[in-house]
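Student: The chain contents come next:
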Amino acid sequence: MTGWLARLREAPASAWIGILLILGYAGVAILAPLLAPFPETAIVGPQYHPWTAPHYLGTDALGRDVLSRLIWGARNTVGIALVTTALAFLIGTTMGFLAATVGGHVDAVSSRMVDVLMAIPSLIFALLILTITGTSILALILVIAVLDSTRVFRLSRAVAQGIIPLDYIEVARMRGEGLFWIIRREILPNAAAPLIAEFGLRFCFVFLFIAALSFLGLGLQPPTADWGSMVRESAKLIAFANFGSWQTATFGLAPLLPAGAVALLTVAVNLVVDWILTIASGLKE
Amino acid sequence: MARDGNDGSAPLLEIRGLCIAGRSDRLWHEIVKDVDLVLRRGEVLGLIGESGAGKSTLGLAAMGYTKAGCRIERGSIRFDGQELVGAPTETLRRLRGARIAYVAQSAAAAFNPAYRLINQYCEGPVRHGRMSRREAEADAVALYREMRLPDPEEIGFRYPHQVSGGQLQRAMTAMAMSCRPDLIIFDEPTTALDVTTQIEVLAAIRAIVRDHHTAAIYITHDLAVVAQMADRIKVLLRGREVEEANTRTMIAHPREDYTKSLWAVRTFRRAPAAASPQVDKAPLLALRSVSARYGAMPVLSDIDLAVRRGRTLAIVGESGSGKSTTARVIMGLLAASRGTIEFDGKPLPAACRDRPRSLQRRMQMIHQMPDTALNPRHRVRDVIGRPLEFFLGLRGRTKERRIRELLDQIELEPDRFIDRLPAELSGGQKQRVCIARALAAEPDFVICDEVTSALDQLVAEGILRLLDRLQREMGLTYMFITHDLATVRSIADEVVVMLGGRIVEQGPKDEVLAPPHHRYTEILLSSVPEMDPDWLDRRLATRREATGR
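Chains as they are written, first to last, in this note's numbering: chain A, 1 to 285; chain B, 1001 to 1549.
Think of the hints as simulated: they come from the structure by calculation, not from any bench. Watch out, some of these pointers could steer you wrong.
To be verified - Computed list of lysine to any residue pairs in SDA-like fashion (alpha-carbon distance at most 20 Å, straight line):
1. B:Lys1067 x B:Gly1097
2. B:Lys1399 x A:Arg175
3. B:Lys1399 x B:Gly1427
4. B:Lys1260 x B:Arg1288
5. A:Lys236 x A:Gln221
6. B:Lys1399 x A:Arg185
Model, not experiment: these values are computed from the prediction.
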């Protein structure tokens, strides 16, 4: 642990910017009930209120406060993306390490199953499943987690395959260690760095995927606030934007707010991921 | 002798007060400290020292080159009157390959696997404008013939993976000769080769260097090899020169203590085996007509051997002879396709997962490469603690005490080493930790698979002494896999010689190592270089007689 703290101290500025932004997002998501000036779903003012007090980022088509919805959206979108990525990693790494360590038929069967899943474009596959199961949050999480775990499976299997031929695994096998001890104590610590980096990237993709599904109307359902559906709802406002005055121009900027929130978090996560990848590749050591 | 260079001509290479620093952990350390080196035309200088002595760094500096993360701090390098330190890249580029060439340790890694050998040969002379492509090809064939490569007309058209290791190393030397350089730097060119192959490569290198009157810097850690190749020897220790002298003088009368200790390494002899307490008739381990295969390819056939309690059995042979496979079959990592293995009078299940834990405990193995045998994320405490916990059920304070005892036994201070990661240990220390891990299980039988081959000679000798002491103290039985006959002489009671997956000769050490020999044992024994500058000439002479050429 002390090693990580020491590295944190030596982290470049870009990584620090990323870390601070992520902490900021996390803070907003956790403290949403305290920070948001208005409730998430209540109609609190006139429709299409421009960017003036008390609605600093205006109101939407139903008269809900956009700033409050952005803050609540952080909680919904980021929270669900985090749970989904964690689940994808749980499934993916477990299966990937097992396939690599046990090998033989287990490896062959699981790898072919993953190939089949990966052969179908994931957005279409998700749309198909979600139309059948209906769009509950649970279904959303499960479907995306399973689809994404295929990529994690590939990576963790490949990383583990690089570790397994090494002599220390042979030593553990000769000692008669169980499968899970070998995976947890011998393989996982050495595979951690690339997997952490992948976690960051996957998180971004999941997050964008949820936003895309929401935009298509199959993600989080109204009136829950999430950034993807907020982009969709405010997209039509662009048509009414009048860039003649500052007040009317805000309509045109409305879709950029949730989209910008998505973009900024993606950039922040990638800054941190880049830093972890540098450490993992050993260039700094 | 003109070779002594007292002809008054200017030296070909003159290095004065050279300091090279390398960067690690954000600090610059001096790797080469204030070294002088003078080389005359046609002269061969041997550079010897342990790993980390700065041999390769100095060798590369002779080309005006430093590895990434290194820089020349002070000093001058003059090649044929021209200063190389601070010279423009273009000047250096024109020298390198054309007038100064380099032969790397691993030819297999230095050749580009995607191109045929002859394409890579022609690159240098064509680029430097020495020859046309057609001339270069004809020249390659001539040099291949000179290097005594089989099929010189055809071999250049093969890809690197289609050629054996020894042939690759010779093709690499031919490539270095392509522009007829004035100076070649050989960086451990035979270290990765078997003794039987090494002798051919040595002979070819020496012949071509002499015939073309090329100067050479020959870097190696093998003293016997350098004795054959060099006119003069320079000994380095941690970046500093220890001493330099004419080869014969140096071997006969080393001045410095460090050089003497290097020379003395090969003289380690174990106390006679009578010291071991149990001399039991029944063998601890016996293999009866064991065969094994990788897929359809047979790798072991009809192996019969027995290891007696408290004794050391050495298995020798070149790479690919099935030594390590035998160990894998015994340890249950590879199932024998035929035959039985008995341990302590009882048949042993073929796969290690079918063996009871008590049996797994009693048989331990120490690997060749301590780097890959230790998990880089486990601290010494965990590495040694795990078998204690797993086999003996030790926990908490008793476990901690036992770990410290074991560290004491392998001569590593517990307080300093217990919390280290493998990356914070030297090669020899890593191997000691591997030994402690094996000992922690309190085994009866230990397989040592080339445990010293990745280590410097002084360190290797320390490991051998340690293993010998542990055997006497704990009554261990060893199976020692090695290709180094000096190790066999120093530690074995009995010897098994393997070739192509079969046993060609076995018996007590004195019988196997003394004449009359089996034909292959003879070749193996006679290929081990000796600390005698005339050894290679004698070997080649007897060989010529034998083949009638």
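Student: Against each hint, give a clear statement of whether it holds in the structure.
Tutor: These are the hints, each one checked on the structure:
1. B:Lys1067 x B:Gly1097: Since the Cα atoms of B:Lys1067 and B:Gly1097 sit roughly 17 Å apart, the hinted pair holds (cutoff 20 Å).
2. B:Lys1399 x A:Arg175: With Cα atoms ~18 Å apart, B:Lys1399 and A:Arg175 stay inside 20 Å; holds.
3. B:Lys1399 x B:Gly1427: Since the Cα atoms of B:Lys1399 and B:Gly1427 sit roughly 26 Å apart, the hinted pair is violated (cutoff 20 Å).
4. B:Lys1260 x B:Arg1288: Violated, at about 46 Å.
5. A:Lys236 x A:Gln221: Distance ~18 Å between A:Lys236 and A:Gln221 Cα, so the pair holds.
6. B:Lys1399 x A:Arg185: Satisfied, since the Cα-Cα distance of roughly 19 Å is no more than 20 Å.
Checked against the numbered hints above, the structure breaks hints 3 and 4 and satisfies the rest.
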